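Those protein sequence lines, which keep their order, are chains A and P.
Start counting the first sequence at 756; every next residue gets the next number (the numbering used here).
Start counting the second sequence at 8; every next residue gets the next number (the numbering used here).
I should point out that these hints are in silico values taken from the structure, not numbers from a laboratory.
Derived lysine to any residue pairs resembling SDA-like cross-links, with alpha carbons at most 25 Å apart:
{"hint": "1", "chain 1": "P", "residue 1": "482", "chain 2": "A", "residue 2": "950"}
{"hint": "2", "chain 1": "A", "residue 1": "1122", "chain 2": "A", "residue 2": "1089"}
{"hint": "3", "chain 1": "A", "residue 1": "795", "chain 2": "P", "residue 2": "482"}
{"hint": "4", "chain 1": "A", "residue 1": "876", "chain 2": "P", "residue 2": "10"}
{"hint": "5", "chain 1": "P", "residue 1": "481", "chain 2": "A", "residue 2": "794"}
{"hint": "6", "chain 1": "P", "residue 1": "57", "chain 2": "A", "residue 2": "1123"}
{"hint": "7", "chain 1": "A", "residue 1": "995", "chain 2": "A", "residue 2": "977"}
{"hint": "8", "chain 1": "A", "residue 1": "795", "chain 2": "P", "residue 2": "476"}
{"hint": "9", "chain 1": "A", "residue 1": "876", "chain 2": "P", "residue 2": "75"}
{"hint": "10", "chain 1": "A", "residue 1": "931", "chain 2": "A", "residue 2": "1003"}
{"hint": "11", "chain 1": "P", "residue 1": "481", "chain 2": "A", "residue 2": "965"}
{"hint": "12", "chain 1": "A", "residue 1": "1044", "chain 2": "P", "residue 2": "518"}
{"hint": "13", "chain 1": "A", "residue 1": "862", "chain 2": "P", "residue 2": "12"}
{"hint": "14", "chain 1": "A", "residue 1": "876", "chain 2": "P", "residue 2": "108"}
Every value quoted in this text rests on a predicted model; they were computed, and no experiment measured them.
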Amino acid sequence: MTASATAPVACQSTSTSPLRQRGQHEVFCGLTSVIWLHRKIQDAFFLIVGSRTCAHLMQSAAGVMIFAEPRFGTAIIEERDLAGVADMHDELDREVERLLARRPDIKMLVLVGSCPSEVIKFDLARAAERLNTVYAPRRRVLSYSGSGIETTFTQGEDNFLAALVGRLPASAPDAKPSLLVVGSLADVVEDQFDRIFAALGIEDVAFLPSRRSEDLPAVGPNTVFLLAQPFLNEAATVLKKRGARQITAPFPLGEEGTTAWLKVAADAFDIEAARFDAITAPGRDRARKAIAHYRERLKGHRVFLFPDSQMEPSLARFLHREAGAEIIEVGTPYLHRQHTAPEFDLLPNSITVSEGQDVDRQIDRCKAADPDLIVCGMGLANPFEAEGRATKWSIEFVFSPIQGYEQAGDLAELFARPLTRRAALAVEA
Amino acid sequence: MKLTVWTYEGPPHVGAMRIATSMRGLHYVLHAPQGDTYADLLFTMIERRKSRPPVTYTTFQARDLGADTAEIFKRACAEAVERFDPQAIIVGASCTAELIQDDPGGLAKTLDLAVPVVPLELPSYSKKENWGAAETFYRLVRGFAGGRTAPERGGAGPKSCNILGPTSLGFHNRDDIVEVRKILDLLGVSVNVVAPLDATPADLSRIPDADFNVVLYPEIADTAARWLEKEFKQPAVRTVPIGVNATKDFIRAVADLAGVDPKPALAAGNERLSWYSISIDSNYLTGKRVFIFGDATHAVAAARVAETELGFKVCGLGTYSREFARDVRAAAKGYGVDALISDDHLEIEDAITAAQPELVLGTQMERHIAKRLRIPCAVISAPVHVQDFPARYAPQMGFEGANVLFDTWVHPLTMGLEEHLLGMFRDDFEFNDTVEASHLAAVHQTPSPEGSREAPEPQLDLPSWSLDAEDELKKIPFFVRGKARRNTEQFAAESGIDVITIETLYDAKAHFGR
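Using the sequences and the accompanying hints, generate a full structural model.
What follows is the structure, given as structure tokens:
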């Protein structure tokens, strides 16, 4: 709708001068992060303060309803709240009281701001403070915004972690150097990395978020932190304010990404190169071997990535470097120059990079480019498939273990599967 | 403020989306923040629609607030008309846009668009999805049929009717229309317009031409039908043909309005529910306690079928459709139960637990509740799930629909003789009442005390597992764990490894691929 309207398809839009789009954004809002966060932290409850739309989104976004009673819910704002008939803070206190009475296992209550709560300027930070005076220290209350007017999909996790960093204790001035890995990873991946760090001889390693809300690692000038996910802009900023030092690398996707990511940590802790090689060699070998199963299927195939989780540059780098795919366009809802620079260093300049979205125009570009595989959200995938185009739903990259050596083959398989399936089927849409 | 975990209905603008997506030649410009676009996947994923819903979202952001959100709306509106070239557009706001009070209707008017604009006022903080759908449909019918003069009715000759109510994301609506058309065909009544499903705005303007309306889903079509009745003296058939007797009532009601003989339609079709229900195998259905919950139309219809056509006992009846609470209360009274009018699924779970039914007929939500309580369940109503769009023909209405109901409701139950055996040998370790009866057993395995660990008998020719490898294996999802175990053991055996370590596990994984 702005300058992008006249941007030709073949223009040079790179990571330093991306195609910026401000039309319809066909992406989830930050509330959606709650779908994995509430599973990751086993004693936390995420209470969205929002509308019926928020509640409906939460039950629809994962594609299926979750059978067990989830550790999230929505306090739905009603007409009487808006009309001032009811005091919203009193209303919230009452709902929280009922909720916590029902769920004595909950140790951390997270109030999540939404579009409506932000627009009416309902002060959740104040509410959290007040609730803490009632429930702390047995139960902690914190707040962040996952609203769609401020956050896109994974940025919800970013805001949550930024809020959580505010709660971390300060490390002692004479503390030994420690490594903090930031960003939700599947438990199995976290355990694998933990073992590798231990084998390398990095002693003090913590992951954020941790599985139990009470396990809060100390942070300070002796903390070195490494992002495990590319979408953690705010969290990184807050950690730096706490004195922690950031190290950056490509993200741990594929053999190359994982090695580079581990290497930067090893270097920060002065681990000898020989030791690093010895420890990582078996994993590297397995990762390469596992990817090889799918390389033929992906090699030379042209891939178009729609914006979704901000993981797109890392996924494109993996597809290009390790699976031999050709990347046409990398869309991302938000392009963090510093965090993604190591990824773009490994990608050719010919790739179109787009930030934000004007979905109708992006679909036009995609169709004109006629790729072999389209990585996109669930709202777009079936219409593309109905036109005979192969798609991979991008939400799976945040819902499956794909990081690390042992998952490199799985990641390749996620991309290969739609192509394998198309090849196997003798039917038409 | 009210705490909600699961909801039966979305916000009212999702109802409006269902109308827009049902129709052809209509486009919806929705003033909404990013994130509200999630609603697209209801249609492309749940219903597996092959095209995107005809909805343009403005997706404004925080930085636009107080600056130019109105301008963003106007631009989106103009561009949507240009790109999609619709016959008409509807414009409105989602919950967040309602708060910023940009007045989409007024803004659209200033654009002098070449197509008619129907503005929607759907209060997000007090109304819900079905109300939004009904209101949108009413506004559209009024917008396109309004102002026309009522045609002369009551002459001789064949009669025609409209079928009102079927929508996108409606429960089995696709197949119900086919059944209802069959009946109308047998009665010699022609169908003038089906709406909103597959209708264009131009079709809506032809609605007054028909002699009467068939209101298939009052939740969606009642508001419009009442207006048509008042405006054009167009009578409506409100009997919903779900079940054998309701289908017969429907046939008689239509025949009455059309002035034709109902007999050929009453005798047609291969209706099997009646005989199957009489046949002695169905004796075991007698008095089975059934709890029914859904939208008002399907819940009331299901209760009638359950009691009078299958011989069940209704032990609970309720709806989340507050707008139709009166109808459900009246029906419940007839079965000697108190109607449950609620959209709080925890309250419904409590009611089901207290009623101790042997069968639950409900929505996907009650299916979850029934699973937890280990009670057989069949789904009878929206909100819909991908499974409610079966590949096969599965109407709920008409005589074929009655056949479908018999199968769908009876198959989850423990069969007659099976039930006897369960009673006689309660402690049989494989076949007892803690093992789920019926088909649900296949999807609902009882976890073993140690947490579904498939520890096999140690075998001499297989390598053994180290403790940490065994623990690592447990982190693999249970549904592929067995395969991972077998592959790893095979790999270890072939490689001459005696003790499987974590390394072996992942070596094997890399070796085999997925």
